[in-house]
Amino acid sequence: MELEELRRLKARYFRYLDTKDWAGFREVFADDVVGTFDNAVATDGGDPMSQTWAGADELVTSIRTVLDGCTTVHHGHTPELVLESQTTARGIWAMADIIDFPGGATLCGAGHYHETYTKSGGAWRIQTIHLTRTRMAFTQTEGAVADQG
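Residue numbers 1 to 149, in UniProt numbering, belong to the letters of the sequence shown in order.
There could be a bad hint or two in this list.
Label-pair ranges, simulated between beta-carbon atoms [as the list claims (entries may be wrong)]: (1) 87 with 49: 31 to 41 Å; (2) 52 with 121: 23 to 33 Å; (3) 102 with 61: 12 to 22 Å; (4) 2 with 94: 15 to 25 Å; (5) 108 with 78: 16 to 26 Å; (6) 5 with 64: 22 to 32 Å; (7) 98 with 122: 33 to 43 Å.
Hints listed in this document are in silico derivations from the structure and should not be mistaken for laboratory results.
Even glycine gets a Cβ: it sits at the ideal position worked out from N, Cα and C.
Whenever a hint applies, use it, and build me the whole structure from the sequences.
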C-alpha cells in the first residue's frame with residue numbers, strides 16, 4: 001500500500017506540473033524540500049550548471065517562473081521504490097518531457113528523478129528531488145525566435 005501511495009504522489013506531481021496547478025504542486029513537497037535540477041546531460045549527476053533550491057515555496061516559485069506560458073508534457077516511468085522505514089523512502093523514476101516555450105523553441109528531454117520521501121500526518125511528501133538528464137534536444141519553429149532566458 002505504501003508503494004502505491006508513493007506512485008500516486010509522483011502521478012500528482014506530473015499532473016499538477018503540466019496543468020499548472022501550483023497550489024496542488026506545492027502540496028507534493030515537504031516544506032523543507034531540497035531540489036536540484038540539472039541543465040545539461042550529465043548521467044552521473046555532475047552537471048556544473050545544475051540549480052538547487054531549498055524549501056518548497058522557493059522551488060515551486062522557481063519552476064513556475066520558468067514554465068508559466070509553456071505547454072508541457074511530463075511522464076514518469078519504471079519507478080524503483082524502496083521503503084526504508086514507516087516514514088522514509090527513496091526512489092528513482094525514469095522521465096520524459098516535452099516543453100513548448102512561448103518563443104517557438106521546444107525541448108524534448110529525458111532523464112531520471114532521484115528522490116527521497118517522508119511521511120508526516122499520514123501523507124507522503126517529496127523530501128529531496130534531483131533531476132538528472134540523459135537527453136536534451138532543442139528544436140526551433142521556423143521563423144520563431146527562441147527565448148534564451
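Pairwise beta carbon distance, residue 108 to residue 78, judged against the given window 16 to 26 Å: holds (19 Å)
Verdict for residue 87, residue 49 (Cβ pair) under range 31 to 41 Å: holds (34 Å)
Outcome of range test on Cβ distance (residue 98, residue 122; 33 to 43 Å): Hint holds: Cβ distance 34 Å, inside 33 to 43 Å.
Is 12 to 22 Å right for how far apart the beta carbons of residue 102 and residue 61 are? Since the Cβ atoms of residue 102 and residue 61 sit about 19 Å apart, the hinted range of 12 to 22 Å holds.
Residue 5 paired with residue 64, Cβ distance criterion 22 to 32 Å: holds (26 Å)
Could one say that the CB atoms of residue 52 and residue 121 fall in the range 23 to 33 Å? Given a distance of about 26 Å, which is inside 23 to 33 Å, the answer is holds.
Look at the Cβ atoms of residue 2 and residue 94 and judge whether their distance stays inside 15 to 25 Å. holds (21 Å)
Figure legend: structure checked against the earlier numbered hints; every hint is met.
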